[in-house]
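Chemist: One letter stands for each residue in the lines below.
Protein chains: 2
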Amino acid sequence: IEEQLQAMIKSNGNDTAASREAFRQSVINTLERRLFYIPSFKIYRGVAGLYDYGPPGCAVKANVLAFWRQHFVLEENMLEVDCPCVTPEIVLKASGHVEKFTDLMVKDEKTGTCYRADHLLKDFCKDKLEKDLSLSAEKAAELKHILAVLDDLSAEELGAKIKEYGITAPDTKNPLSDPYPFNLMFQTSIGPSGLSPGYMRPETAQGIFVNFKDLYYYNGNKLPFAAAQIGQAFRNEISPRQGLLRVREFTLAEIEHFVDPQDKSHPKFTDVAQLEFLMFPRELQVSGQSAQKMILGEAVGKGIVNNETLGYFIGRVYLFLTSLGIDKDRLRFRQHLANEMAHYAADCWDAEIECSYGWIECVGIADRSAYDLRAHTEKSGVALVAHEKFAEPKEVEKVVITPVKKELGLAFKGSQKMVVEALEAMDEKEAMEMKANLESKGEAEFYVCTLGKNVTITNKMVTITKEKKKEHQRVFTPSVIEPSFGIGRIIYCLYEHSFYTRPSKAGDEQLNVFCFPPLVAPIKCTVFPLVQNQQYEEVAKRIAKALTAAGISYKIDITAQLVSTLLWRYPSVEDMGGREGGTSIGKRYARTDELGVPFAITVDSTTSVTVRERDSKQQIRVNIDEVASVVKEVTDGQSTWADMLWKYPTHSSASADD
Amino acid sequence: IEEQLQAMIKSNGNDTAASREAFRQSVINTLERRLFYIPSFKIYRGVAGLYDYGPPGCAVKANVLAFWRQHFVLEENMLEVDCPCVTPEIVLKASGHVEKFTDLMVKDEKTGTCYRADHLLKDFCKDKLEKDLSLSAEKAAELKHILAVLDDLSAEELGAKIKEYGITAPDTKNPLSDPYPFNLMFQTSIGPSGLSPGYMRPETAQGIFVNFKDLYYYNGNKLPFAAAQIGQAFRNEISPRQGLLRVREFTLAEIEHFVDPQDKSHPKFTDVAQLEFLMFPRELQVSGQSAQKMILGEAVGKGIVNNETLGYFIGRVYLFLTSLGIDKDRLRFRQHLANEMAHYAADCWDAEIECSYGWIECVGIADRSAYDLRAHTEKSGVALVAHEKFAEPKEVEKVVITPVKKELGLAFKGSQKMVVEALEAMDEKEAMEMKANLESKGEAEFYVCTLGKNVTITNKMVTITKEKKKEHQRVFTPSVIEPSFGIGRIIYCLYEHSFYTRPSKAGDEQLNVFCFPPLVAPIKCTVFPLVQNQQYEEVAKRIAKALTAAGISYKIDITAQLVSTLLWRYPSVEDMGGREGGTSIGKRYARTDELGVPFAITVDSTTSVTVRERDSKQQIRVNIDEVASVVKEVTDGQSTWADMLWKYPTHSSASADD
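Just so you know, the sequences run in chain order A and B. Those letters in the first sequence? Residues 756 to 1413, per this note's numbering, in order. Those letters in the second sequence? Residues 756 to 1413, per this note's numbering, in order.
Chain A with its partners taken away, still in its complex shape:
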């Protein structure tokens, strides 16, 4: 069954562009019809890039977040924090977002409509390559090259290409402005004065970094430790595409694991070292190969993954995603290419999930070195550092560089500050070389990068000595390893991976099924009285009570004529079927399959009921008093459905879906 199911899912999702599009449409139609999500503010014609989670979507999201908390925060004893979305400008200046969190935009020069410059160039190249049959081999190669380097193009280069190819506004064919950077943060103003600019945070991470000092103290001034945060983040996209994947407001779940840069080993790495899954290291990408299955322990051992802690999180992310129901064959860990990675990053891997839109980055796992803590230390003047106390004081020899500011001021005037900073920033080797030169020649040539030129330093301008010091501790800025989860993207991919169709019994229509694992399913079981009568209603109530006590979410599906008490007591019962003769049990099963409900309890007697499993459609017969605990066992994962088939009599499955 498991294999058949996988095959079905694949055949549903994995073919040509056209069939992928059709598959996506049927997933999205089902999701919208059953209110997994709703375009936000729909009655006002909506806002691009904003979506609501409706009741089942909300339940799926809550389940995913609860599991995330269990899998990461609780099992790893992380320190969870919860910071505001509104963030003052200074914090996002320090992090670099005010300056660099931009996309390049062009405007229709007549209507003012805005477009992402790279999207227009990309669409143009793709279109040409697909449709222009007269394209020369040389031209085709050029266009392909542009597609490959698109992310690296500067505003000038993009603008030049747009001009060269005569690209115009897609809707009006009007000329376009030159590309210019548009900051993707939603801007606002804090307080009434209008003098305190603020932004809606583009990520939750900064809230953790600015709290490092307190969290380090809370953790007993010890490394390593991890902090975590779940919350909304915002991105004012220029023109959102790709439906639920590219949105303007989304839930992030982020971990910042702080670690001594000299020791990135991880004591629990052995727990994940044997995992084997698709990895796509830099070398394979550059040489045009595809992702390969690798054993995580080997990837870390060979240095393909930079360090154990990064590897540990890759393994934990793999376990997290596959537990949710992400297909392991459509999940890969792709290493960032050198030009993709920030200059300070030590290594970076994305968990990419394949869906109808292609391979989508859903989790980023980056070793960001000491960059963030250093940036906030510099801007705030508060040292975000860790201490390692030595068991015994260590005697160390240290180079001490003392610039003589008066002399430097006379010599360099306005540039004095840059020269002083450059001198102080010399490492030991440079300083000792200069010292030798000053001693032998009385002066030394010195390159000041902030001035972009060499200057001459004389021995009056600086003293360089070596001094012995006793040190009692080492003070350092921790490295941070950051797994960052786009919860909405994971959930969307999960929908695609869980969706399949199968013919109805009569064969006249295709029925939709979401094969969510119980962990994720929005409702764990449905209760159906087979026919309407007072006795069955009483039984349904008893079962409902037992399910509530067991903490199992359920829904009662009744037919229209059932007396109103049940309707009242359970106001959210589902009754969308025929009002006249009641809905056939088969239709009711189909409705519940479409919500991904794993188990259905049908009340067909006053002593026992049947329990139907969604994907196999098999049924077992269970006593009324046992049924809640049976459902609890299989949804909690203590028992499997196979165990239950063994333990309880099966119910004639031929008639199950009638």
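Hints may be right or wrong, so weigh each one.
Remember, identical chains collapse to one label, so a pair may be satisfied in a single copy or spanning two.
[Unchecked claim] With a cut-off of at most 27 Å between alpha-carbon atoms, the simulated BS3-like pairs for lysine-lysine come out as follows:
#1 K855 / K797
#2 K1342 / K1144
#3 K1172 / K1196
#4 K1387 / K1300
For the record, the hints were derived by calculation from the structure and aren't laboratory data. What you are looking at is a predicted structure, and each value in this text was computed from that prediction instead of being measured.
Model the placement of chain B on the given structure of chain A, informed by the hints.
Modeler: Just chain B now, with coordinates in the frame of chain A:
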């Protein structure tokens, strides 16, 4: 014990203004020191009105929200939704927030510093009344009257009083501007064009209202049903005061219960009708009395509470708050006075909790009638209505008013539209009167309120007839009953109600305790190895594993010399004590009491351990293999601590806290 505890809490919290202030300071100091919360962006000197939840605060919040979901969403089968914070202007124009969600502000005319006008006037009056000994009785009465009507003063009245009393800017004594309205929403811009204004939502309710149509369909087109949403809301306060109670970003949990306005009974009302608690109806407030204990069923029966559904939610809110640990004697339900309530509201009660700041509104429970759905129907043009199908079609006689636009246009030109609308809006009685006049005199005087005057209508301008129609259904706008929870305020009050101090064993210091119920406690138990050795460490690990499996959050507290493996495996262990000789068990208990951890497991042998209850400090001895399930039972509420004292041998408690 329970009584002693209550007495202690009260004596801690309930005295003079000075002792209330001192009590609050010790609560806040403890909360900040143990990172229940952290002023946001502290290293950048913070932002007024923004706070982070640190690790224990975050856990408390997660527990409160999980219980809210259990108590309301699951038990009542509500439809939960999750909508974005970014909201386009049109939605908040419809709801009235763009126009009316304002506070009156004055500016220091020289420095531009902003103040809330009512705060300045309030401070002035209070100060005078407290400190000016020469105040005449007449003047004192005037100031008291101002304090009483402060919320109702217009900008002009406020400005006049500020001028009259010569109130200046508090910091500089500079003159102040006239008061003017400042909109409290954080404004932003959606998309890159700058042409789509948006706001950060001031409440979550609007996201539910705009989805009414889909949710009604999802519920099988049946009333009543409730939708719920938990999420961030924003309020750009002019000058936030009152610490954690008045913040610029906060978590709301809101329910919108949609109901037929002709039937606001509730089938489960009997479940709460016998509850008795402090209620403070309008009449008691107006006549200067205080809140009184009432039986909810009687309050609804006598019409003090408008209807059963409103009463049902008042009862459920009472159960929710007291289950969290809110002291029932410092909780009251206060009815809004007529002038406090929106004109459309049918009735409104606030759950107010008394803390060191006075009585604080923490939950608002309002019958908002059909206002919100009507407002969005009008603005969006989408009918947000419900249908009641009749079993048999009903024959009804209806007045049909048909304005003759051509004639009206000739007579009223530019005012035609207003006249037409006024004609169409006539009720049956008015229309029949006009019909009579038109028939007898050929014309009728008619007041058009949008024109503010009478016009003369002739019998050419309108036809009025009575027609018989068969109606198959009734179409109506549902009423909405809205319980709205300020989660942060509830949590802050809970901190105050749970805090008490008791002397250390040596009597030389006061130790802080948060007596959270297990439901709320950030961590359910701590595991202490009594002394450091390999065997106890193994036992602690075994217990930790069992606790994880049972889903109990715990913390291991070790002394400094414990071997590093444990530290590594459980990176978040707490070790803030002495590095040399280890921390005494008494100090470790005190640390855990201050976090409100209800149970502490001390490993003092390899076969059994002690379990200590926080408030009584009593201990029992339990076998190692049983301890996780014992803790689970008492934290889940299946058993009480008294049950456990009965079942297990008590451990000599004299030495417990040594």
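Chemist: At most 27 Å between alpha carbons: which applies to K1172 and K1196, within, between, both or neither?
Modeler: The answer is within: 25 Å in one copy meets 27 Å, while 97 Å across copies does not.
Chemist: Taking 27 Å as the upper bound on the Cα-Cα distance, should K1387 and K1300 be classified as within, between, both, or neither?
Modeler: Both: 13 Å inside a chain and 22 Å across chains, each within 27 Å.
Chemist: If the cut is 27 Å between Cα atoms, do K855 and K797 qualify within a copy, between copies, both or neither?
Modeler: Answer is between: at 24 Å across copies they meet the 27 Å cutoff, but 33 Å inside does not.
Chemist: Between copies, within a copy, both or neither: which fits K1342 and K1144 at Cα up to 27 Å?
Modeler: Intra 69 Å, inter 24 Å, cutoff 27 Å: inter-copy only.
The structure agrees with every numbered hint stated previously.
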